[in-house]
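Residues per chain are reported as follows:
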Amino acid sequence: MKTYLILILFISSSFQGYSQEEKKEKKAKSTTKLFYKKAVKHYRNKSYNLSLYFLFSLIKKNNGVSKKENKLLTRLLSQTGTLPLYLYDPELLEQINNPYISLHLANHYFKKKDYKKSMAYASSVPDSNKFYPEARLIIGSTLQLKNDPKFKSYLKQCIKSAHKKSSGAFAKKFKLYYDLIRENCQINYARELYSKDKYARSNAIYTDIPKTAFSWPYLLLEKAWNYYHLKDYNRSLGLLMTYESPLLSSYFLPEAEILKALNYYNLCLYNDTAILIEKFFKVYKQRSLNLRSFVKKNKDPEYYFNFIDKKLSNKLNNSYVKSLKNQLKKKLKINLHYGSFKKTRKEYQRLKAKGASKRDLEFLEFTMKKMKQRIGRHVQEYFYYFINQINFVASEMFNIRLEVISRKKDLLYNDKTLVAKRARGSLENVNRSADEFFFTFKGAFWADELGDYSFGLKSNCKEVDKNNKE
Amino acid sequence: MTKLYLYIFIFFGLNLSFAQEKVVEKYVKRQRVDLGNMEIEGEVLTPGDLSIQGDKRKRFRMKLYDRENFKFEIRNDVLNLR
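Residue numbers (my numbering), protein chains in the order written: chain A, -15 to 454; chain B, 99 to 180.
No lab work stands behind these hints, which were simulated from the structure alone.
Every value quoted in this text rests on a predicted model; they were computed, and no experiment measured them.
Glycine residues also receive a C-beta, built at the ideal position from the N, C-alpha and C atoms.
Don't take every hint at face value.
Unchecked claim - Derived CB-CB ranges, DEER-like: (1) A:LEU71 x B:ASN167: 34 to 42 Å; (2) B:ASN167 x A:LEU386: 21 to 29 Å; (3) B:MET136 x A:LYS393: 44 to 52 Å; (4) A:ASP98 x B:GLU171: 19 to 27 Å; (5) A:PHE158 x B:ARG159: 50 to 58 Å; (6) B:ARG159 x A:THR196: 40 to 48 Å; (7) B:GLU137 x A:LEU386: 38 to 46 Å.
Claimed, not checked - The list that follows gives simulated cross-link-like pairs (lysine to aspartate or glutamate, DMTMM-like), each with its CA atoms no further than 25 Å apart: (8) A:LYS266 x A:GLU349; (9) B:LYS156 x A:ASP399; (10) B:LYS169 x A:ASP181; (11) A:LYS97 x A:GLU78; (12) A:LYS446 x A:GLU387; (13) A:LYS266 x B:ASP164; (14) A:LYS336 x A:GLU349; (15) A:LYS315 x B:GLU171; (16) B:LYS154 x A:ASP399; (17) A:LYS195 x A:ASP436; (18) A:LYS313 x A:GLU239; (19) A:LYS342 x A:GLU380; (20) B:LYS154 x A:GLU387; (21) A:LYS280 x A:GLU365; (22) B:LYS169 x A:ASP399; (23) A:LYS263 x B:ASP164; (24) A:LYS52 x A:ASP111; (25) A:LYS96 x B:GLU171; (26) A:LYS283 x A:GLU262; (27) A:LYS136 x B:GLU166; (28) A:LYS269 x A:GLU387; (29) A:LYS450 x B:ASP153; (30) A:LYS17 x A:GLU75; (31) A:LYS392 x B:ASP153; (32) A:LYS180 x B:GLU171.
Construct the complete structure from the given sequences, taking the supplied hints into account.
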């Protein structure tokens, strides 16, 4: 009898345990369902950020993602962009097999210089996906940085797929995006040729990139380096002079000033070199000091976000600030991230007007704050980079100045002088290849010739006796 | 007694032999040299062209900036994607 009683007690207790587990399971299922329901509901109401929050809560709870949930995730990210992904833990994102997430993680690890992981995530983007060219660019660039010759095949795939997708894209913004990726891959080819001292071939690739491309103003400097190494100092100077045109006034690249000085120096036009250096120290150095004091005073990233979001106040009438703002506004990253932010702001304003719950509004406020900080930090980094560039250029300019003084001193000691005090320009000194334009200015629009300028200065490097000259 | 006189004689004799004679040097107070009458004997040689070797000035050239590659730009382009 006793044994029966024990058996009954045991069975009843085990049933009780089972029912408790069942209860837990039921509860978990119900929260999973609830999260999913909420995610779908917010998606239908076009509250994409909120929907994303519930979907990620669900993924965290389940430690994985179902096919149905993944589909919803893709739809949501196509609306929000990848910026909200910075709010979530990368370890959580690693559990999800989704091209948007893979691309985000590839970028995340590239930034951290964990190239192995970056390439692994970029490789998981299938060729049918719209991000395939960008993923190939990441792999190609990584291999190029590691001096791995395999990078060529990835860049080829990038160029081919981007070209194909660009021609099939209906929306203008997608077409622009694919063109930008394709140009980036082409430029990397040209850069590789430059590092291998194949300057003429490198220039041929740069010439293929249209003047309307976003990256074109930056390429002028790289192209000018090629001409400098080809000893075509006149063409190099001409390209750098393009930055003086009103259309490119916002592109002030400090490195271009060094290259200009080096070109004059190699043409033995020491006075011109000295004038250029003097101008740099008088004008640009002072402006950069003002910018530095401004950056030191303001360290909050959200403050820098306002450079993108709002009109510049009269207080910030520094020409460098204006120039940097214009440069930043044309960057893909800023465009994508600022677009995401604007959508989130709209979502917040709409929900606030509708009288949404305090919790939802607080979440969106938090999301916006994080987005602002991320964009602002990028702007801040750009400012710091620019100041560092100016400092670097200043030290290099100083070295060139010392060399100019040394050369002038040598001439004086040897009782010699240069052939001319100032070599005048002449068409005879202009070199021109078959694919370079020559403008007669008959019926041409004034901006057509941008990027095709060339100086016609004669090299002044011939030394003559001072007495003969006089 | 004779022995004592002998010892005394030897002792004083030795002392006298070690004693040095005091030398007093005297210099001429004034000496006149007539440089006009002096003659230098020898041969005057003019250096030939090859005998002059001017020190060659060492030129210290500063290494000016040169771009080796665009790796920074390659990385930066990816960082500016997203």
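Verification of the supplied hints:
1. A:LEU71 x B:ASN167: 34 to 42 Å: Holds - the Cβ-Cβ distance for LEU71 of chain A and ASN167 of chain B, about 36 Å, lies within 34 to 42 Å.
2. B:ASN167 x A:LEU386: 21 to 29 Å: The hinted range 21 to 29 Å holds for ASN167 of chain B and LEU386 of chain A, with Cβ atoms some 26 Å apart.
3. B:MET136 x A:LYS393: 44 to 52 Å: With Cβ atoms ~48 Å apart, the hint holds.
4. A:ASP98 x B:GLU171: 19 to 27 Å: holds, 21 Å
5. A:PHE158 x B:ARG159: 50 to 58 Å: Given a distance of about 53 Å, which is inside 50 to 58 Å, the answer is holds.
6. B:ARG159 x A:THR196: 40 to 48 Å: For ARG159 of chain B and THR196 of chain A the Cβ distance comes to about 43 Å; the hint holds.
7. B:GLU137 x A:LEU386: 38 to 46 Å: violated, 57 Å
8. A:LYS266 x A:GLU349: violated, 46 Å
9. B:LYS156 x A:ASP399: Judged against 25 Å, a Cα distance of about 17 Å means the pair holds.
10. B:LYS169 x A:ASP181: Status holds; Cα separation ~15 Å.
11. A:LYS97 x A:GLU78: holds, 17 Å
12. A:LYS446 x A:GLU387: holds, 17 Å
13. A:LYS266 x B:ASP164: holds, 24 Å
14. A:LYS336 x A:GLU349: This hinted pair holds, its Cα atoms lying about 11 Å apart.
15. A:LYS315 x B:GLU171: Judged against 25 Å, a Cα distance of about 14 Å means the pair holds.
16. B:LYS154 x A:ASP399: Holds, because 15 Å separates the two Cα atoms, which is no more than 25 Å.
17. A:LYS195 x A:ASP436: holds, 11 Å
18. A:LYS313 x A:GLU239: holds, 21 Å
19. A:LYS342 x A:GLU380: violated, 57 Å
20. B:LYS154 x A:GLU387: Given that 25 Å is the threshold and the Cα spacing comes to 19 Å, the pair holds.
21. A:LYS280 x A:GLU365: holds, 13 Å
22. B:LYS169 x A:ASP399: violated, 45 Å
23. A:LYS263 x B:ASP164: Holds, at roughly 21 Å.
24. A:LYS52 x A:ASP111: holds, 22 Å
25. A:LYS96 x B:GLU171: With a Cα-Cα distance of about 16 Å, the restraint between LYS96 of chain A and GLU171 of chain B holds, given a limit of 25 Å.
26. A:LYS283 x A:GLU262: Answer violated: LYS283 of chain A to GLU262 of chain A is near 32 Å, above 25 Å.
27. A:LYS136 x B:GLU166: Status holds; Cα separation ~20 Å.
28. A:LYS269 x A:GLU387: Distance ~20 Å between LYS269 of chain A and GLU387 of chain A Cα, so the pair holds.
29. A:LYS450 x B:ASP153: Roughly 22 Å separates the two Cα atoms, so the pair holds.
30. A:LYS17 x A:GLU75: Holds, because 23 Å separates the two Cα atoms, which is no more than 25 Å.
31. A:LYS392 x B:ASP153: holds, 20 Å
32. A:LYS180 x B:GLU171: This hinted pair holds, its Cα atoms lying about 16 Å apart.
The structure is inconsistent with the numbered hints 7, 8, 19, 22, 26, although it conforms to all the rest.
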